[in-house]
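> Using the hints, position chain B against chain A.
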Amino acid sequence: MTKSNKTPAKSTRRAALKTLALGAGGVAAASSLPLWARFASAQSAEPIRVGFQVHRTGIGAAYGRWYDRTTTAAVELINEGGGINGRPVEIIAEDDGTDPKRGAEVIEKFATQHNCDIGFGTLFSHVVIGSAPRAGELKLPYFVVSEGHHVASGMLNRYTLQPGITDVKSQVQAMAPFVADKLGKKVTMIFPDFAFGHDHRDYFTAAIEAQGGQVLEHIAIPPTETSFTKYFPKIPRDTEVIYHVMVGPAVLTFVKELGEFFGPQRPEMFGFIDSLEAVDIGSPGLEFLEGTYFWEGNPRYAQADQSSYDKFFRERVNVDGNGASLSDPKDVSTYAHMFGCWETLHVVKAGMEASGYQGSMDRGKLIEAVEDMTNMPHSNAHPQGAKIFNGKTHQVFGHQYITKVTNGKLLLAHTTSIEDTMYPDEVDYTAQPL
Amino acid sequence: MEFGPYLMLATLEGAVTAAVLSLTAVGLSLVFGVMRVVNVAHGEFFMLGAILAWWVTSLIGGHPALGFGVAILCVPVLVGVVAVATDVLILKKINYDPERTIVATIGILYIIQQITLMSYGPDARPIEAPFNTRLALPWIEFSGGQPQLYWPWGLSTTTYKIGVIAAASVVLTGVWLVMVRTRLGLVMRATQLDREMAMAFGIPVERVYALVFGFGAALAALAAVLIVPIQQAHYLMGGDPLLLAFIVVIIGGLGSLPGTVFAAILIGVSDGIISVFFSPTLAKILATLLVALVLVFKPNGLFGARRA
Numbered sequence: 001m002t003k004s005n006k007t008p009a010k011s012t013r014r015a016a017l018k019t020l021a022l023g024a025g026g027v028a029a030a031s032s033l034p035l036w037a038r039f040a041s042a043q044s045a046e047p048i049r050v051g052f053q054v055h056r057t058g059i060g061a062a063y064g065r066w067y068d069r070t071t072t073a074a075v076e077l078i079n080e081g082g083g084i085n086g087r088p089v090e091i092i093a094e095d096d097g098t099d100p101k102r103g104a105e106v107i108e109k110f111a112t113q114h115n116c117d118i119g120f121g122t123l124f125s126h127v128v129i130g131s132a133p134r135a136g137e138l139k140l141p142y143f144v145v146s147e148g149h150h151v152a153s154g155m156l157n158r159y160t161l162q163p164g165i166t167d168v169k170s171q172v173q174a175m176a177p178f179v180a181d182k183l184g185k186k187v188t189m190i191f192p193d194f195a196f197g198h199d200h201r202d203y204f205t206a207a208i209e210a211q212g213g214q215v216l217e218h219i220a221i222p223p224t225e226t227s228f229t230k231y232f233p234k235i236p237r238d239t240e241v242i243y244h245v246m247v248g249p250a251v252l253t254f255v256k257e258l259g260e261f262f263g264p265q266r267p268e269m270f271g272f273i274d275s276l277e278a279v280d281i282g283s284p285g286l287e288f289l290e291g292t293y294f295w296e297g298n299p300r301y302a303q304a305d306q307s308s309y310d311k312f313f314r315e316r317v318n319v320d321g322n323g324a325s326l327s328d329p330k331d332v333s334t335y336a337h338m339f340g341c342w343e344t345l346h347v348v349k350a351g352m353e354a355s356g357y358q359g360s361m362d363r364g365k366l367i368e369a370v371e372d373m374t375n376m377p378h379s380n381a382h383p384q385g386a387k388i389f390n391g392k393t394h395q396v397f398g399h400q401y402i403t404k405v406t407n408g409k410l411l412l413a414h415t416t417s418i419e420d421t422m423y424p425d426e427v428d429y430t431a432q433p434l
Numbered sequence: 001m002e003f004g005p006y007l008m009l010a011t012l013e014g015a016v017t018a019a020v021l022s023l024t025a026v027g028l029s030l031v032f033g034v035m036r037v038v039n040v041a042h043g044e045f046f047m048l049g050a051i052l053a054w055w056v057t058s059l060i061g062g063h064p065a066l067g068f069g070v071a072i073l074c075v076p077v078l079v080g081v082v083a084v085a086t087d088v089l090i091l092k093k094i095n096y097d098p099e100r101t102i103v104a105t106i107g108i109l110y111i112i113q114q115i116t117l118m119s120y121g122p123d124a125r126p127i128e129a130p131f132n133t134r135l136a137l138p139w140i141e142f143s144g145g146q147p148q149l150y151w152p153w154g155l156s157t158t159t160y161k162i163g164v165i166a167a168a169s170v171v172l173t174g175v176w177l178v179m180v181r182t183r184l185g186l187v188m189r190a191t192q193l194d195r196e197m198a199m200a201f202g203i204p205v206e207r208v209y210a211l212v213f214g215f216g217a218a219l220a221a222l223a224a225v226l227i228v229p230i231q232q233a234h235y236l237m238g239g240d241p242l243l244l245a246f247i248v249v250i251i252g253g254l255g256s257l258p259g260t261v262f263a264a265i266l267i268g269v270s271d272g273i274i275s276v277f278f279s280p281t282l283a284k285i286l287a288t289l290l291v292a293l294v295l296v297f298k299p300n301g302l303f304g305a306r307r308a
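So the sequences go chain by chain: A and B.
The working numbering applies: residue 1 is where the first sequence begins, and numbers increase by one.
The working numbering applies: residue 1 is where the second sequence begins, and numbers increase by one.
Same shape as in the complex, but just chain B:
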């Protein structure tokens, strides 16, 4: 494949990764930003979203779009409820103590993973995409000084992949609007800035915490529902998104929404391009190296505010 079309394909693939990754990472970042909880179980909420999406679609049957539509509406809510329960039953009991929450969320990770293994089983199961048409993409070539369109071999994407990118953009805009324009967002930001002052002003901080934890998990679940028609649901699928989400959140700055989205696009697209041109291993190595550099030179992340 020539360089131009090759680069375009890599960018498209990277954009899908970036879309899903930014949803997952924003969830993680929100939980850390507001609650100061490093949620190691975040990847398992992602996985749970995919598994439940499979369960809902296979329960409903009929046209693939019907099951998928129901799944995308109710699965994030279901996972959110599970997360709220986890928050109230576990994290609250240990007073959100930073060290203990890490250990607790590691425990939650294994519990969710093993319960899935015991019930859903070890197989990867597919969900049919609600719509999926292959789109061949054109490329411009100059012959005799005149630009000409042609259709390179293999340069294509699918309508569903474009749909994923669009859906993620819409949801992220929505999250941003909620944070900036609504009372709910105001309350969250207030809690993030100063927990005790927020309490003094009568903000029910514990309820905000439960809500934020549920919301973060729901975003991860939504990302998973979007990706299952491309990748299948599997009980071990939470590992990679967790690692990448942490990388993204560290680079973008923990708790910074625009930073997280920027870093997700950076990591997602560069992962796509580097994997295509060199190797997927090199892409992971470079991402990890970038994390190390950010931690050394800009410990609060590219967009992170300095904390006292």
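This is chain A alone, in the form it adopts within the complex:
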């Protein structure tokens, strides 16, 4: 299952001379040059190899499909602009089956077999936690796009960074005031029973208590579960707000059964869009969601005040204004998460350029260069919004979006500031040896 972005090398000398003569005009014509000629100024024309650990199969498959498309689009853009340090970027994609054990093996393959410069792209927290120790041992910079608090908590190592997506702790901390003020103070949480869900449980409970609210009941559901009604009677009668976040192949069933359980008497609802990522919000049985709120990492529907950066990003990843694929309106993207791949690759590019990265011997320099980063302005490289990177905890912080289901669309109701999402450092990875 290895995929390479290399263009087939079929150029003859005559064809090359012709293209070069045509393209001699200037930079604008650069993209018409064959790959070898475009990158000829680099010290080495060897591509920079990005080992992409992708959830092609297993419970993370829907995310994997869109992480793959976003990554491909980002690499295309970077290569059109001349690559990194004059070298083209090549993606070496390998399926990890959304399985931690396989994840560690894939990391090992990247480092020893494929000669990758970095590992990149993992989402599911248990796979990150299973893979990061191996990346640390092999000294392979490992850029995860996972949301878990495991990076900033100090649980991992200096080689693991999360510069393209915010973590659950900061997300829920920024959501708690909204939930407590707008929806209610007595909350029942429903979350998947693995590391990612436990982050929600621990940090949201603390955050809502800080707002004078309380969590009446924690309902943990295995991410491989297929039927959910049996869990719902545990929801206490005096619940004011249901806080739901679910992942796995059965998320649509989860939300549908939640609606069937409550019928016309539902309490207020606040969900993480994970419960409906890659699912059309117009699916039959989801009508009850009208008027409920969602956290979104990046709003799925193009909003009234859409930035030019979001527009550009949507175009490049072939997603329409409803967050679905341009070629198939039923193929809904994981829009709230996938920008993370795009932004992370741009951070890698910036880091490699700042450190003058040449090859695997410069991996330490790359880590240090990324650790030195702080402000990441809203731009084509960061279409989700401006961000602040914390080099000590290896975690990025950014705006969070709350949308409300209005006439079957998710419309922006609130945007948090970056400061709302900050918390004191729990680790200083820069103190660890490289």
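There's no promise every hint is true.
Covered by chain A, per the in silico footprint, the following chain B stretches (three or more residues, Cβ under 8 Å) [said to hold, decoys possible]: (1) 114-127; (2) 151-161; (3) 226-236; (4) 270-276.
Think of the hints as simulated: they come from the structure by calculation, not from any bench.
Note that the Cβ used here is the ideal one computed from N, Cα and C, for glycine as well.
Leaving out everything else, chain B in the frame of chain A:
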């Protein structure tokens, strides 16, 4: 939620599980009873039923009931044909040797699963139920000595879930009638009792085997078509039903139809109740423990006949 309504909801959820499980398990039990084949690929025939149901409904379009109606009629037949082909092309060639059939069906399991992954893909896809109305259910409460009906929060089911239970009951009754009242059933039972004697009486045992294998798979596929509007079709969905069907078949007694149905209801309903009151993990632990106890104290299952 108070205890009474809670228990009723758990029982209803359990009954849906039991309905689907009994169809799947009866298929497995039939194959073992008649052919002595432990079909490890049974769960994959279940999965194949769900995937094909999605394919048929999305091909037909229109009103959900139309696609679903076609799916429920032709998907079990399609899966049955695949199973018959498997029997003729693989199991027959290895003479139904017990050890080799286990290995062969494990191979079939992976082949079906990987082909599905390569063609249908890794996503879970929904099918719209042909009818699905939420039914709020009442509960009785005594206030001042007088019984009163009221509508507890969350106590509800859907018409479709009741439909699944009804459909499974009808099909199971049908299977039982076929086994007991028809010539086909007689031939199957004869083959089950004594293969060589049946052959001596001119029963085409090999054809019976192929038929039974196809029929068993078709029952699993039918169960899957019934459950897809509730649970979605996914390439890994065959694992749980296989495990539960084995548990049910061992408890009920391999090859015993009433035993299988009894055990399916026992496991399905207790799974619903235990998951609701305690945890789904505990439900699985208890079911497995029950299997162990049955194997120790009543190795032929609760309803199984003693074999020489």
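> Give a verdict on every hint.
So, going through the hints one by one against the coordinates:
1. 114-127: With 6 residues close enough to chain A, the hint holds.
2. 151-161: Coverage by chain A holds for the segment 151-161 of chain B (4 residues, Cβ < 8 Å).
3. 226-236: It holds: at least three residues are needed, and the segment 226-236 of chain B offers 5 whose Cβ sits within less than 8 Å of chain A.
4. 270-276: holds (count 3)
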